[in-house]
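Position chains B and C against the provided structure of chain A, taking the given hints into account.
Chains as they are written, first to last, in our numbering: chain A, 13 to 267; chain B, 245 to 574; chain C, 60 to 347.
No lab work stands behind these hints: they were computed from the structure.
Under the rule of at most 25 Å between Cα atoms (straight-line distance), these lysine to any residue pairs were calculated in the SDA-like manner:
no. : chain 1 : residue 1 : chain 2 : residue 2
1   : A       : K64       : C       : P339
2   : B       : K374      : C       : A316
3   : B       : K517      : B       : A541
Chain A side only, calculated, beta carbon under 10 Å to chain B, not exhaustive:
no. : residue
4   : L99
5   : E107
6   : N108
Note that the Cβ used here is the ideal one computed from N, Cα and C, for glycine as well.
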Amino acid sequence: MLEVKHLSKDFGGITVIRDLSFTVNAGERRVILGPNGAGKTTLFHLLTGVEKASSGSISFAGKNISKMNAVERARVGIARSYQKNNLFEHLTIRENLMLAAAAATGKSRWFFRDVINQADMKTRIEETAEQVALTDQLDLMVSAVSYGNRRQLEVGLALATKPALLLMDEPTSGVGPAMIDTFHQLLETLPRDITILIIEHDMDLAFSIADRITVLNFGEKVFEGTPEDTRGNPTVRQIYLGGGDGTYGATNDHA
Amino acid sequence: MFYQTRLRTITLILALGFLAVYASFGSYFAREIVIEITILAILAISLDFCAGFGGMVSLCHGAIMGISAYAFSIMSVKLGLPSVPSAMIGLMAAVVFSGLVGWVTARTSGIFFIMATLAFGQMAYTFFFKSRWLGGDDGMGGIDRFNLSWLGVDMNDALVFALFGVAVLLLVYVIAAILLRSGFGRILSGIHSNENRMQAVGINTANHKAMAMAASGLMAGIAGILAAQHTLYISPELLIWTVSGEVLLVVILGGIGTLIGPVVGAIMLVMLKHELSNYTDYWHMVVGMVLIFAVLAGGRGIFGQIEYWLITRHSPKTPHLPPAKEKDLA
Amino acid sequence: MDASFWLLQFLNAMQYSMLLFLLSIGLTVIFGLMHFVNLAHASLYMLGAYFGISVSALTGQFWLAFILSPIIVTLIGAILYYTLIDRMRAAGPMNQVLVTFGLIFVILDLVRLGWGDIALGLDAPDALAHTVSFWGISYPAYRLFIIALGLTIMISMWVVLARTQIGAMIRASVENADMAASLGIHVGRLFFVVFCFGCALAGLAGVAAAPIFSATTTMGITILIPTLIVVVIGGLGSLEGAIAGSLIIGFLETFGAVLLPSLSAVLTYILLAVILVLRPQGLIPARG
Chain A
13 MLEVKHLSKD FGGITVIRDL SFTVNAGERR VILGPNGAGK TTLFHLLTGV
63 EKASSGSISF AGKNISKMNA VERARVGIAR SYQKNNLFEH LTIRENLMLA
113 AAAATGKSRW FFRDVINQAD MKTRIEETAE QVALTDQLDL MVSAVSYGNR
163 RQLEVGLALA TKPALLLMDE PTSGVGPAMI DTFHQLLETL PRDITILIIE
213 HDMDLAFSIA DRITVLNFGE KVFEGTPEDT RGNPTVRQIY LGGGDGTYGA
263 TNDHA
Chain B
245 MFYQTRLRTI TLILALGFLA VYASFGSYFA REIVIEITIL AILAISLDFC
295 AGFGGMVSLC HGAIMGISAY AFSIMSVKLG LPSVPSAMIG LMAAVVFSGL
345 VGWVTARTSG IFFIMATLAF GQMAYTFFFK SRWLGGDDGM GGIDRFNLSW
395 LGVDMNDALV FALFGVAVLL LVYVIAAILL RSGFGRILSG IHSNENRMQA
445 VGINTANHKA MAMAASGLMA GIAGILAAQH TLYISPELLI WTVSGEVLLV
495 VILGGIGTLI GPVVGAIMLV MLKHELSNYT DYWHMVVGMV LIFAVLAGGR
545 GIFGQIEYWL ITRHSPKTPH LPPAKEKDLA
Chain C
60 MDASFWLLQF LNAMQYSMLL FLLSIGLTVI FGLMHFVNLA HASLYMLGAY
110 FGISVSALTG QFWLAFILSP IIVTLIGAIL YYTLIDRMRA AGPMNQVLVT
160 FGLIFVILDL VRLGWGDIAL GLDAPDALAH TVSFWGISYP AYRLFIIALG
210 LTIMISMWVV LARTQIGAMI RASVENADMA ASLGIHVGRL FFVVFCFGCA
260 LAGLAGVAAA PIFSATTTMG ITILIPTLIV VVIGGLGSLE GAIAGSLIIG
310 FLETFGAVLL PSLSAVLTYI LLAVILVLRP QGLIPARG
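Pulled out of the complex, with its shape left as it was, chain A reads as follows (with noise of 0.2 Å):
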């Protein structure tokens, strides 16, 4: 589904991003993992095409999306959800899902239709709402609603374009424990037929939904493997848990 080879990333002669390889199966959810810095981030700008890679190509779904823009990527069908809100202020969460579901329907062309009541948009925008769990708030706007909540319109906006790939930049970032459980159950929900890419610091959460688990440090892949190998790896105790005492939780904001 998604195969990147030999990707480099330089920022003015730091690297950020270093000979990274990787194959993600279609349906497969794979979680990033790796301390601050490690280029997490930046391995999604360059995945949606926000970032020119400085060398190494990435195919999706069979094709070399390399030379693709962060408009044409999105069209294909790559779709993304930030770490930092990144919102359709003063509109409501209808109105956000809307705009995300038209766009992704080529109905930016519609002239003189109206799209809000068209029947069409109107199940995909409930659709991704329950799916996020925001069916009782689509009205409201989304400076009226809790922070959690934001956080779910966050993924609901890139649910809506009905991705083939999605990459979540840390959706519980910031969220409380209860809003975490409600991430845990959206995630495994979502059908099989979405590809997830997800950096996640929370380990709970990340090691119950993960298929395979790939681990950076200063922007190269250190270890690749199941929760289960990677739960038993020296190498990613000592590197991502800085210097290992063992427990998860030295580094689990949440828990």
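Quick look at chains B and C alone, frame taken from chain A:
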């Protein structure tokens, strides 16, 4: 995001009704005022379309109007084409110019967009000002109005022309409202709200903004044809940047991002100007102070403020609140 | 076109560039520091000319007018700062453009009320009223004085900004006002001082220009556009940008008018369009 609410529909009917009645029962002078209002209101709707809903605060709308007026007059006066095809070419010129401006400036925002549009507008102004073939700063005359004698009316009659202007204003409002309610208009509002996220969900925002400018240019072009046929004479004065500034004033005075607000603003400004000029030569000063006050009072404008009061009284979280102050600063 | 022609045009271009510099430097530094776009800046230039004419007429002293007029304009600027500018600082470019556009109208009619609609002239001081002959041309001494004045201010501003403590404070605040504030710089006071200084230079430009162009009610609006273009081309907020921009526009317009009269009118705008497309941050942007 645009909604044609009942309040807006009622205001539209009242405004157009007022103009029609004022023209029908007023003097020749009143009819002149009505046509002046309709031209300004159309131009203000055009600006609200791109500034209020797309965040593109243009200072070249006077120039877009003027280009349409010039292209129309060149075709009909210099080349002798009938007035309807001439008008089509005039509109096309306006669409091409504003689309080009939109395309070139699509990657700029905030003050850079304002400056860039200002510069392109002045470029067009300077071009016509220096053009000897088109009369330079003296402008050119000999323009004819549309011939509607097949409808049994004489467009050279002040009342007929004023009512024609009101009808065109209604048409432009409807065009703008339909576009804003469409997928195209919704996405435009989305770009205004968060351009970066709109790109992330697959919209080429630069192209979209350029198209929105072109659509806005079509409306400004309509104002230009009407302006040329109104005075039967055009000069570079139409294109000067202060004209664009005055249109922005009208949009702010009435309520930016409300679409009907600019119509209200145009009525207020033109009436105020004419009333003031009966008493004083210095109406610019009053207009300037009104503008400063309108911005300091929160920037919602007359219609925008009333709408805000009415909506927040019923439910504070209604979706179509007029843009709050901070939203239009982008 | 012999050497004297080129020299003459060169001096004309320099003199126009210096006027543009005096206006654009205030505008650009105010923007760089406060992120404030003051369209009424050129109206202060107009006020400078009119006050200069009045003071000169009342006292018969050109040099007194030359000093007093910028001071009066600065006082007006200070009043504007406390009544309008300061509270519009966080309001965003559109509202700033609107309020200062309103100010242009107000100041315009105040000038019409005070001085009437006719053009008013101001005689150059006796000491500079003659022409100077050199290298085969003769050139009005007053215009040479304008060039010297502009160059002096340009160089002293560069020295102040690059070498002095207040210059360092201004540069720090342009780059990052929050950081500067946390380093103990009183940013609010600095804004006020810089704004007043910008107004003083605009007033000075006005009174200096009066003997050459004479004062009219349209002089502010006419000079505003080239000034804004200078600021955008040079890069908002940068002294070097204002210097480069005023020289480019001054020379382009002067030489364009004599060498390519048919194109000259749009040359500046074409240049601006090219710069906005290729380098929207301007030629020498301020850092930060």
